[in-house]
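Undergrad: Next come the chains, spelled out residue by residue.
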Amino acid sequence: MTDGPAPLSRRGLFGAGVAAGAGLAAAGAGVGAAAGIAGATIATGVNPFAAATNGDESIDLSLSHPFYATAARQPQGGIRTTPQRYCVFMTFDMSSSVATDLQVLLARWSASIAQLQAGKTVGSVEPAHGDGVGADTGEALDLGPASLTVTVGLGPGIFDERFGLASRRPDALRQIPTLPSDRLQEGLSGGDLSLQACADDPQVAYHAIRDLARMARGTATVRWTVLGFGRASAGPSQTTPRNLMGFKDGTRNVTTDEEYDRFVWVDPDGDGEADGWMAGGTYQVVRKIQMNIEIWDADVVSDQQRVFGRTKIEGAPLSGGTEHTTPDFHARTASGDRKIDETSHVALAAHENNDGVKILRRPYNYTDGLNQYGQLDAGLLFAAYVNDPEHFTRIQRRLGAVDRLNEYIAHIGSAVFAIPPAPKKGSYIGEQLFR
Amino acid sequence: MPFGKHTVRPLTTLGALGVVTALALTGCAATSSSATDDSTDSGKVSRVSITLTNDGSDKCAVSTTKVPAGPVTFSVKNESSTAITEVELLQDQRIFGEKENLAPGLDAVQFTATLGGGKYQVYCPGADKELTDFTVTGKVASTANSSAATLLKSGATGYSKYVDAQVSDMVTAVEQLQTDIDAGNLEAAKKDYADARPYYEHVESDVDGFVKKGFKATDNAGNLDYLIDMRASNLDPAVGWSGFHAVERDLFETGAISDGTKQYAADLTTNVTLLAKLVPTLDYKPEDLANGAAGLLEEVQSNKITGEEEAYSHIDLVDLAANVEGARQAFAYLKPGLTKLDPTLTKQIAAQFDRTNSMMDGFRNADDLGGFDSWDDAAKSAHANEVSQRVQALQDPLSRLAEKVATA
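Protein chains in written order, with our numbering: chain A, 432 to 866; chain B, 107 to 514.
Here chain A stands alone, though its shape is the one from the complex (with noise of 0.2 Å):
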């Protein structure tokens, strides 16, 4: 029933480049498929035409990671996990107020996850009885297990009163509160569940998505879906890449595990200062940020980089250096203006300048293709993991009111979950609520 080892990939481009993803385990026997494009080094400033490099970047789309936690406080998959190349985020509304359907649910869930994470399917796609409808919907066949994660999130719905859950919920979780130049509809904001799953290959994130919502059925209604793609993130090995406006994003992300520890792991020495559910968990916040494309690239250029405080190609903050050089907030010009605007995208959100906070994002970019006014509808699929949600709040409460950036973006949905931690083998995400 599941398939056997991963076949060669017939989907990426053969080339140069090496397996890339240190902790991976390759699935298969085959060397995988590459897919990357090493470019050379043109000095910026140089040749006025220079693509910025983007190093040695290659996919395997045999790797796969292991689902189930081997110790305690160990996260899901896609928190930490280096970026893959696509993405699918859906919610859900449970229809039903029954506990157990909840419980089995997550149990269901966390079982077909392991099975779609090593590359396998949920079940027979051919049924054995002729009248049978398929366990699995097959399109992933083949395919590989592409470096798949899904991670699934519980919303503050879940904690009202129909489950019987109210007194687990964790103080952190609360809705995002209305926040300055919100623009949010509500058919793409909230949900009681989410999945995020990402892979090197969207057809295998899609699918994920697709069976794990049919299992669904009947116990859950899908509330809203964001496909993403060109992951606008960097994990460790990777170098950062660029959202829509063509700008560098996430420069100075948090990367080490102090900083992991500190901003992203809720309670991670299991200390008791959390309830127990949650220790090792993490706090998901994602925000759909529509980008106002033809305006965008109807701005200068030096115009832009005012906007971000940072250089286009390079992404060296414009108080002087290379990428991850320091910004100076109180550098200036020689006329005793600030080189990098008070109101700029990175000097807002800089935790120099919020109490030392940092979030990590592991945003995607998203297209919807053209809006009703046949305008480019696109933007960034913003997700951030954080130990508490209101780290998010206060950045974007300032980014909100008055980041130059506001001209050119509308924050149209929003929503928060809860991430629980990896369950070990024999249990399922969530299993504490229930004991």
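These are calculated hints, taken from the structure and not from any lab test. Cβ atoms here follow ideal geometry from the backbone N, Cα and C, with glycine treated the same way. Errors might be hidden in some of the hints.
[Said to hold, decoys possible] Chain A regions said to be covered by chain B (calculated; three or more residues, Cβ under 8 Å):
no., region
1, 558-568
2, 849-857
[What the hints assert, rightly or not] Here are the simulated BS3-like pairs of lysine-lysine, each with C-alpha atoms no more than 30 Å apart in a straight line:
no., chain 1, residue 1, chain 2, residue 2
3, B, K235, A, K855
4, B, K183, A, K856
5, A, K856, B, K235
[Claimed, not checked] Pulled from the structure, derived: some chain B residues nowhere near chain A, Cβ distances all over 12 Å:
no., residue
6, E192
7, G346
8, L384
9, I411
10, E414
11, G468
Based on the hints, put chain B in the right spot on chain A.
TA: This is chain B only, laid out in the frame that chain A set:
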């Protein structure tokens, strides 16, 4: 019931459907006792435990493979298998008992079957070794399942009478429509149209396979379903327009009765009369009822929710309610046998029908044609998502019915 007054044969089996059960998935958590006793000496009930594990590959272990004839309780616990989600007890491809929605971390669940002597198999789809032989010693008793098969068969017979009645009532309703059209009575004809539609929508998926004598299956000119129910969106230019929706366009879009309208109505009467002659020759197997019910819900998803079916009259909700009602009738006839086969699935489907019906109750409107709100753009944008998802929740368990009853 909006169409109750037309129903010729009220059915006692339908009463039981009114019971609301809150169970939406299987009753996994309903039983929490774990399997500890594998012996056969606790009373007369034999106990067998089935344990699902994964140690690199998925395994299905059966604690004992030989028990005496009589009641046997199987206790199933998924310790760690991610590939196995269900366990069935089979004999000759017939299902004697089963548990679904098995996943690591959930409590053990049980099912009991009264077994006569003979060879059986424990089937764990997804396991390394999917089939384990299971022997019952002692006398070969008549099994509970043979009665399930009998009940399903008599249900299918009963259902065939329901279909015949719907089609024969449709002839009467279409004749009334023709009478009012011939009399040039536009408003009465509109009402007749809305009254006639549900009969076809109740049983459409059972009666849409007829081809007139002398025509090829690929020629729409001989396809009765096409002639009766073609829509503007799937018009075959080689055949031209006819049937219900041609009448609908004249009555609701053009708002006038022409000689053409009268011809459409006359042709419609001819075609439904022919259909009513053919339908009683149909023979139904239980899985035909199940497939028919699922087919009606596919109709809902593909044509009604979009408003494509009744593009001019916007009485799509009337059709939609009739599709759901037709599916419910098929299910009701299967229910006595199905309850014996799989009480959990039976309850689950019954509960989803109840939820769907109570949603539809919210759209009832005595002032609108056919007794339901008009499915116009505003109604669609406000409610289409809800209706679609509610029907999906019903469609999903219903799509598993055919396999179930075919193997009884």
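Undergrad: Now look at each hint and say whether the structure bears it out.
TA: Hints and how they fare:
With a cut-off of 8 Å between beta carbons, the region 558-568 of chain A has 8 residues touching chain B; three or more are needed, and the interface restraint holds. With a threshold of 8 Å between beta carbons, the proposed coverage of the region 849-857 of chain A by chain B holds, since 3 of its residues qualify and at least three are required. In summary, the hint linking K235 (chain B) to K855 (chain A) is supported, as the alpha carbons are separated by about 25 Å, within the 30 Å threshold. Under the criterion of a C-alpha separation no larger than 30 Å, the hint pairing K183 (chain B) with K856 (chain A) is consistent with the structure, at around 14 Å.
This hinted pair checks out: K856 (chain A) and K235 (chain B) have alpha carbons roughly 21 Å apart, not beyond 30 Å. At roughly 9 Å, the least C-beta separation between E192 (chain B) and chain A is not larger than 12 Å, which violates its mark as non-interface. Every beta carbon of chain A lies more than 12 Å from that of G346 (chain B), the smallest distance being close to 37 Å; the non-interface claim holds. With a least beta-carbon separation of about 25 Å from chain A, L384 (chain B) lies farther than 12 Å from that chain, consistent with its non-interface assignment.
No Cβ of chain A comes within 12 Å of the Cβ of I411 (chain B); the nearest lies about 14 Å off, and the non-interface call holds. No beta-carbon of chain A is positioned within 12 Å of the beta-carbon of E414 (chain B); the least distance is around 22 Å. With a least CB separation of 15 Å from chain A, G468 (chain B) remains clear of the 12 Å interface cut-off, as annotated.
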